[in-house]
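Protein chains: 2
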Amino acid sequence: MDESALLAHIYERSAGLAGAVRVGPGDDCAVVRVAGGTDLLLTTDQLVEGRHYEPGTDVGRVGRKAVARCLSDIAAMGGSPVACLAAATVRAGFNEADGLFDAMRAAASSFGCPLVGGDIAIARGPTVLTVSAVGAPHPGRGPVLRADARPGDLVCVTGAIGGAVASGRHLDLTPRLAEAAWLCDELGARLGAMIDVSDGLGCDAGRVAAASGVRVVIDAAAVPLGVGATDVRAAIAEGEDYELLFTCRGAPPPSAPTGAPITVVGRVESGAGCVMTLADGSIVDIAGAGWDHTG
Amino acid sequence: MDESALLAHIYERSAGLAGAVRVGPGDDCAVVRVAGGTDLLLTTDQLVEGRHYEPGTDVGRVGRKAVARCLSDIAAMGGSPVACLAAATVRAGFNEADGLFDAMRAAASSFGCPLVGGDIAIARGPTVLTVSAVGAPHPGRGPVLRADARPGDLVCVTGAIGGAVASGRHLDLTPRLAEAAWLCDELGARLGAMIDVSDGLGCDAGRVAAASGVRVVIDAAAVPLGVGATDVRAAIAEGEDYELLFTCRGAPPPSAPTGAPITVVGRVESGAGCVMTLADGSIVDIAGAGWDHTG
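As given, the protein sequences belong to chains H and F, one line each in that order.
First residue of the first sequence: 1, per our numbering; consecutive thereafter.
First residue of the second sequence: 1, per our numbering; consecutive thereafter.
Just so you know, these hints were derived from the structure itself, not from any lab.
Watch out, some of these pointers could steer you wrong.
[Stated by the list, open to error] Partner residues aside, some chain H positions facing chain F, computed with beta carbon under 10 Å: (1) Gly60; (2) Ala86; (3) Arg91; (4) Asn95; (5) Ile120; (6) Ala221; (7) Pro224; (8) Val227.
[What the hints assert, rightly or not] What follows is a list of derived Cβ distance ranges for each label pair: (9) H:Gly50 <-> F:Ala166: 54 to 62 Å; (10) H:Gly24 <-> F:Arg150: 53 to 61 Å; (11) H:Val227 <-> F:Gly213: 51 to 59 Å; (12) H:Pro25 <-> F:Gly168: 42 to 50 Å; (13) H:Pro139 <-> F:Arg124: 39 to 47 Å; (14) H:Gly188 <-> F:Pro253: 51 to 59 Å; (15) H:Thr230 <-> F:Ala97: 30 to 38 Å.
Each residue gets a CB set at the ideal place from its N, CA and C atoms; glycine is no exception.
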């Protein structure tokens, strides 16, 4: 084999791997097929001091949240975490980096997702933690996408919505990995689309509607409000709930084995957009009701 | 199956995956075994404005470097890239985020490594790009570790060392993926340890010595200096070369099919540490000669 043929062979080997993107950007995770036909879930997520947590927050809780919210994206695909990586940008003189990485390592381990690598850099500015995770799709159901809602599906959420930021609960979230796996086991093909409610039930349900090419109608009276939440219109726009929102063909079970309640909050119809019906019969557009992490 | 047994089953499934860490933190990439016995290389890397590039640098070059230096870690393990993720933290009002992501996408694609997901957040502070990559180990050689140098090995580098920052070449680096794959093909079991020279030949060779439990002796006169480098002691401490440093049982080929020269710069001995012999016969400790990204 001459040199150019050899290099062509090397590049071809890479190109073959590169061709295996099954789901690209736009869902909670990408899905990439690797050698042996194994599918991987891949996701990355940033936690920024002053945006996602207050300066001065205990680094143990900060590190845990950074990992947990990344793994919430694995849960949103119905997957199980395999391993994660963490990168931190901190100020010069910041003396809690060890504590941060210890917290990320412990949290990752507690979620069955070993922290296998990291990077640290110094910069003027807030602390930024970037966690990237690899997961495995559910072996039976496969990746659960945002795009699989169909007219006739019921729209369901685990847990409760709203009050997570005001109460501080957002710092102690547990990603709904067990519930997601159990939903895949239990519902199989009856499970339609799924997403985690990170930015607000309104905009996250709107993402499901847009990805699936359907209309989602939420019933305000049905939304289970979290402790500290009083107004449903505020609750669906707050975000940081990290609950699962999924669509289901037929009635879902009333709760998961973990004890997490499951509530039907709406339905999927033909059409487009995401609206909420209020007690007075009026209908409001909620597809934009959420928290813009970049805003 | 009752609820607790079901949950135990779900957690056990995750725990089984979690047990598959073959190489944890401390090498250029972690190695994780997933379903089907497939091994993955995993790495994450940050590029910080003001530390790894000057403010005002063209975003096309910045985005490319962010991807390229992450994939240099895949090359350092002898692997081929499979897919990558990118996260960016930028200032409010920063209007080149699209350009940054376009550049990262194009660079990733050019290296055979599709960018499959991303995240963007706003923060007061410099732009921080975090790229995480998944790779596949060389199918024949397997992951090439820092820990596999043995007394008697020759120490070799691709390309040239020094001058990368002063010349601006560091912004246009091409990760040595083709050369790394070819070294695995060509040398097989004769290839010992490998690392990429990102922080300085001195400290990176020192890392190989420490990981392998050996002593590395570099011959100053043998180090091929890059354009713009004049002093070998400065050159081995500059970093940002992104060349491969590897150990070889027997003589290496003089160059790779890509044209990259391969130079024997030293040898591996029993003992510990990393030193350089100078023209006057003196010996200097160089294990600390490098650029501390966190300093």
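Hints and how they fare:
The beta carbon of Gly60 of chain H comes no nearer than 19 Å to any beta carbon in chain F, farther than 10 Å, and the hint placing it at the interface is violated. Annotation: Ala86 of chain H was flagged as interfacial toward chain F, and the flag holds, the nearest CB pair being 7 Å apart, inside 10 Å. Given the 10 Å rule on beta carbons, the hint for Arg91 of chain H holds: about 9 Å separates it from the nearest Cβ of chain F. Residue-level restraint check for Asn95 of chain H is violated (minimum Cβ-Cβ distance to chain F is 12 Å; threshold 10 Å).
Interface restraint check for Ile120 of chain H: the shortest CB-CB distance to chain F comes to about 5 Å, inside 10 Å, so the restraint holds. Hint on Ala221 of chain H is violated. Least Cβ distance to chain F is approximately 30 Å, over the 10 Å limit. At a threshold of 10 Å, the smallest CB-CB gap from Pro224 of chain H to chain F is about 21 Å, leaving the interface hint violated. A hinted interface residue such as Val227 of chain H counts as satisfied when its beta carbon comes closer than 10 Å to some beta carbon of chain F; here the least separation is about 24 Å, so the hint is violated.
The hinted window of 54 to 62 Å between Gly50 of chain H and Ala166 of chain F is violated, with their beta carbons roughly 36 Å apart. For Gly24 of chain H and Arg150 of chain F, the Cβ-Cβ distance of about 43 Å falls outside the hinted range of 53 to 61 Å, so the restraint is violated. Range check, Val227 of chain H to Gly213 of chain F: about 55 Å between beta-carbon atoms, so the 51 to 59 Å window is met. Taken as a hint, the range 42 to 50 Å is violated for the pair Pro25 of chain H and Gly168 of chain F, whose Cβ atoms sit roughly 31 Å apart.
Our hint of 39 to 47 Å for Pro139 of chain H and Arg124 of chain F holds, since their Cβ atoms are close to 44 Å apart. The hint said 51 to 59 Å for the Cβ distance between Gly188 of chain H and Pro253 of chain F, and at roughly 55 Å that hint holds. Roughly 36 Å separates the CB atoms of Thr230 of chain H and Ala97 of chain F, a value that falls within the hinted 30 to 38 Å.
The structure fails hints 1, 4, 6, 7, 8, 9, 10 and 12 (numbered hints given earlier, in ascending order).
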